[in-house]
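Let the hints inform the model, and build the full structure from the sequences given.
Everything in the sequence shown is counted per the numbering used here, starting at 2 for the first residue and increasing by one.
These aren't lab readings, by the way, just hints derived from the structure by calculation.
The calculated lysine-lysine pairs, modelled on PhoX-like cross-linking and capped at a C-alpha distance of 20 Å, are: (1) K443 - K409; (2) K300 - K337; (3) K556 - K523; (4) K110 - K138; (5) K523 - K496; (6) K496 - K516; (7) K140 - K150; (8) K383 - K409; (9) K213 - K249; (10) K337 - K305; (11) K211 - K192; (12) K213 - K175; (13) K175 - K140; (14) K544 - K519; (15) K461 - K496; (16) K344 - K110; (17) K249 - K226; (18) K457 - K482; (19) K110 - K137; (20) K344 - K383; (21) K192 - K213; (22) K211 - K175; (23) K461 - K482; (24) K277 - K239; (25) K150 - K137; (26) K226 - K300; (27) K211 - K249; (28) K239 - K213; (29) K496 - K519; (30) K516 - K482; (31) K574 - K556; (32) K192 - K226; (33) K544 - K516; (34) K226 - K256; (35) K556 - K569; (36) K213 - K226; (37) K239 - K249; (38) K213 - K277; (39) K544 - K523; (40) K239 - K211.
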Amino acid sequence: MIRNISTRSAVVTSLLVLLSGCGADTAPLQDIKTQTSVVGGHSIDRQKQRISSNTNKLSPFLAGVLARNDSQYDNSAAYFAEALSLDPDSPFLKENAFTSYFNAGDYEKATEFAPELAAGSDNELLHILIAADSIKKQKSELALAQLEKAPKKGYGFIIYPVMKAWASAQNGDKEQAYSHLQEMSRSQSLKIIALELSAYVADYLGDVTKAKSLYNQLLNDPSSKSFQVVVAYASFLKRHGTPEDIVKMISLAVKRFPNNPYLSGDGRFLIQGAQKIPLFIDPIGGVSNVFVMLARDLKNYQNKQMALAFFNLAIFLGGANSDLVLQQAQLLMDLKDYSSAEKKYALIPQSSRYSQLAFMGRVRALFSGERDQEALVLLNEKLLKYPNNISILGQLADYHRGQQSYAKALEFYNRILAQRLSSAEGDWYYYFARGISYEQLKMWPEAEADLLYALKLSPKQADVLNYLGYSWVDRKLNMIKAREMIEEAASLSPKNGFIIDSLGWVYYLTGQYTKAVKTLEKAVLLEPGDATLHEHLGDAYWKVGRHIEARFQWKHALNADPDEEQIKTIAVKLTEGIS
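Next comes the structure, spelled out in structure tokens:
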């Protein structure tokens with residue numbers, strides 16, 4: 002997804018070290034909700050007016066906007082294509098179609114629009130995409146020409162020198178390749194990155210002396226944090242060095258990266274991998290690698306829409322692999338585009354080491370997208386093959402608990418815990434979840450035992466402390482201990498409105514009404530719209546004489562989807578108050 006970015010991530014590592022000072026004009030494509038101008042100065046208002054002149058044109062346009070804003074890019078692209086068939090000369094519609102095709106992963110369609118749009122646009126993504134397409138097609142001169150036309154703003158100060166360097170290397174122009182990276186190294190913060198990329202370019206060009214010197218320099222430089230350098234250097238020495246050189250390099254690498262598994266056993270895994278030249282020692286792989294690095298940094302710094310754009314660019318240029326597709330799917334989940342995420346997870350083959358992660362991710366995407374039956378079909382099919390798989394059993398148990406089918410949930414939790422001959426700390430969750438199921442089935446002794454055991458396994462779990470404490474309070478049991486547990490839960494999770502509500506309710510039940518009001522007000526602010534929280538606050542207001550506010554909260558509770566029992570109770574309170 003590509004959105005308008007109004008603020009910049011303050012990134013201090015890897016490729017983004019300078020971005021905090023780059024200004025707000027870096028969005029590759031503007032969001033329709035905030036955009037004031039698009040290609041060639043066509044304002045949204047003018048374009049809407051033009052499209053609105055024909056109702057037939059307006060319908061697919063609006064449908065495209067709605068689909069795009071809901072992250073349904075496949076549908077959005079289809080609607081904008083329909084709108085374009087009615088108004089084929091609209092640059093506004095073309096750019097929106099381009100955005101949707103690109104975000105949907107239909108790069109072939111996106112590249113059809115890019116050249117025409119780039120001619121009148123300062124949209125950096127268009128220029129980057131065209132240049133990447135040229136590098137992909139081994140047309141390095143076209144890539145260099147396109148990058149010269151690209152706007153000097155935004156992420157270009159990182160991307161353009163890298164792409165120019167690799168395009169020059171692809172063209173066999175060694176001096177120009179080094180020159181572009183030298184330009185990048187003028188920034189102190191990007192110096193080590195430029196040095197690393199220079200080593201890869203020199204390696205690709207067969208400049209053995211320079212490459213070896215740069216690899217050595219990087220391996221001895223504490224500011225170089227990239228293990229990728231070690232992988233590349235091992236491959237280089239396998240091709241151009243001696244076995245002694247590799248042993249010496251691994252010895253130095255172990256000091257720099259003491260816990261890296263590839264260096265265990267005298268680096269045998271690294272040496273095995275060194276038989277192949279890394280994909281990033283190549284113009285296509287090298288540029289794609291930088292797109293991935295940038296995407297990961299953007300993701301880490303919560304700029305997820307832009308991260309997705311650069312993952313898309315990496316896949317467009319270098320092709321998809323399971324690792325990239327998995328990261329792309331996880332990003333789409335974060336962006337609540339569950340339909341696209343499910344499709345991405347489904348692309349990861351059974352043979353991949355990520356297949357189990359992908360399967361569970363796909364199930365979560367289906368559940369999140371309210372496609373429960375499809376998720377259940379997948380889970381039950383998998384369960385037939387793997388009847389003791391704890392991840393599958395856990396998903397089914399949690400689903401049925403969420404549906405308030407507590408007896409069914411118990412069956413699955415029991416199957417999980419029957420396999421656990423000796424409990425580990427990580428098992429606390431299953432005892433907690435089973436305890437909730439028991440409690441909801443009014444099997445209190447079993448529930449209490451499971452909740453206490455969950456705490457024994459992991460004593461600092463705020464949710465367990467809160468649930469057990471609240472259950473005791475609700476039964477007027479162990480009131481002092483219950484209050485202490487809920488206070489501890491609140492200190493562990495001070496932003497959790499439900500836990501703060503539990504604490505306020507303890508104060509209420511123990512007659513500390515003023516304290517209860519203050520705490521319950523905080524709970525409602527943290528978790529507005531929950532019937533129980535509003536009812537509790539209303540009760541506390543009544544006890545301190547704030548009757549008008551109490552009735553307001555009770556009415557609010559009635560509008561917050563209360564259960565039938567709550568509706569009856571609140572109706573009495575509204576009529577009679579609380580004695």
